[in-house]
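Chemist: Chains Z and B supply the protein sequences, listed in that same order. The opening position of the first sequence corresponds to residue 16 in my numbering, with each subsequent residue numbered one higher. The opening position of the second sequence corresponds to residue 527 in my numbering, with each subsequent residue numbered one higher.
One should not assume that every hint holds.
One side of the interface only, derived from the structure: several residues of chain B facing chain Z at Cβ under 7 Å [unchecked claim]: (1) P639; (2) R700; (3) R706.
FYI, nobody ran anything at the bench for these hints, they're computed from the structure. Positions of the beta carbon are idealized from the N, C-alpha and C atoms, including for glycine.
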Amino acid sequence: MEGGEMIEARRISKFFSIVNKEGIAEGLTACLSVTLSIEKGKIITLLGPSGCGKSTFLEILAGLQAPSEGEVFIDGVRVLEPLPSTRAEMDAYRKRYRFLSPLANDLFRDRPKHDIAMIFQDYAVFPWMTVLQNVTFTLKLRGLRRAEREKQALFYLNKVGLGASLHKYPSQLSGGMRQRLAFARALSVEPKAILMDEPFAAVDLLTRERLQDDLLKLLDSSGITIVIVTHDVAEAAYLSDEIIIFSPSPGTIRNRFTIDVPRPRRRDHPELADIQERISRLLKYDIDNESEYSI
Amino acid sequence: MQVEQQYGSKGFGRLTRGAGLFLRNSFGSLFSREFIKVLIPLLLLWEVIPRFDILPRTLAPTLSDVALAFRDMVINKGLLLHILYSLGKFLAGLLIAVFTAIPIGIFMGWNLPIRKHTLPLFQILAPIPPPAWVPLTIIIFGIGLPMQIYLIFLGAFYPILFNTYQAIKDTDPRYLSSARVFGASELTLICNIYFWNALGAIIMSVKTGVAIALVMLVIAEMYGGRSGIGYLLVEAKDFFQIPAMVVCMLVLGMIGWFSIEILKFAELKLALWKVGR
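The following block holds chain Z by itself, in its conformation from the complex:
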């Protein structure tokens, strides 16, 4: 309550309507009334089995999807205007957004709505740009001048260890290097928060552990708030200050674990192992229960 809240989600719900195999429309609840506030500079992990709505929740935080109910604030600024509730409001809303969806940015002006960056599972670095262009492009979107762009891009690329492959295309890089590029791209804009959607899922175990260490080193004392979505319990325990467990259908917060182990942490720290054990048991219970329902 000391005004240190970076991201605040208030009673976020997201409903989809899908058509099932019999051709009947049915409702699907991706998130149900999720309330979450994340303090500045913390590393938070959203953990849960796949398909529990945690990625959807992250996209709602980033403003890439509109929530059905609820509001998100990033650094005190509302991410999306709430959906209309009365008929008249609905008509006005439809009229206003009949050409462009409310999720779209300005037509001609590059301007980030919020000071955040996002990293995706398969990196989502642009394959048609070189390593350097990938970073300068995002800096250009933030309105930096050409000389500054180059300078800042070089600084962050050197920091992640890609200084030697500036003019290579992402297809010429290894998976780990591509992920580093995504890190450099996100860090270079010096955001207040970085949202990561399963950032280490596509690399092998050894690379993953190295990347995790690199990430912590890069973030060291930068004060950037991190939200990571993952289904890897060990990763969550090693990286985060707080783990938030999502339970599937409907996606809600089931448990929270605060981890007070000081950094730098050892991977085999007994407390981390204990937390991992508890979380695994919890998730296993969820999965067992689910299979009972389906039978």
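The hints should help you fit chain B onto chain Z, whose structure is shown.
Modeler: Here is chain B on its own, set in the frame of chain Z:
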């Protein structure tokens, strides 16, 4: 890279070497050791079969007849000029199609309301076989250059439009999301994300467009015109000059092959990032 450093070439030297490389890559297959073994016997058979009256020589001209007809047409009929006319019309029609179909396709793929307002119109018009437009076009434009260019344009327009629109629509949403979060405006998204992501598919669609445009070139020139390969072809038919007809057919084939190879080359140069080296 290394070769360039070695010879220290620039400007003209690089251009000629580039052209040489292009020609070798594109048409080298014709003179490869494997194909030569097929080509020479084929040419020999072509020469020998009509000569020994296995086929009547009046209907099946020999290779030397065709070569002589080619020489005659170059000297007396200005074949090269006709080729240039045809190429000019072909390029004009194709470029108009490229510069209208790609932007329209991009807008249709980018924005749902635009798509909903325009797509059904094109869905009705596109399946009409382009040759079916010939009578109406002749009445509207008369016989002449505008009608021919319009028909060529029509042949290339729809394949380019539909493939571009589809490729833009299927752009990987993660690229868009990540650019959006960084603050890209919609214009930036179109110029820097949608277009580049769809570029491979767009070039493919232009190749399809080229094939159909070539068909329309011949049809247009056969129906109305005083110039071009199609015109020469009809003229040769009227005078029953079979060797001249064969020359025209071969020339058309070469034009098609050449334009496809140019597009392949452009694809290689533009979509360099796809080649994982």
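Chemist: Hint by hint, say whether it matches the structure.
Modeler: Hints and how they fare:
1. Given hint, P639/B at the interface with chain Z, holds; its Cβ is 6 Å from that chain's nearest Cβ, closer than 7 Å.
2. The beta carbon of R700/B comes within 4 Å of a beta carbon in chain Z, closer than 7 Å, and the hint placing it at the interface holds.
3. Because the smallest distance between the Cβ of R706/B and any Cβ of chain Z comes to about 6 Å, under 7 Å, the interface hint for this residue holds.
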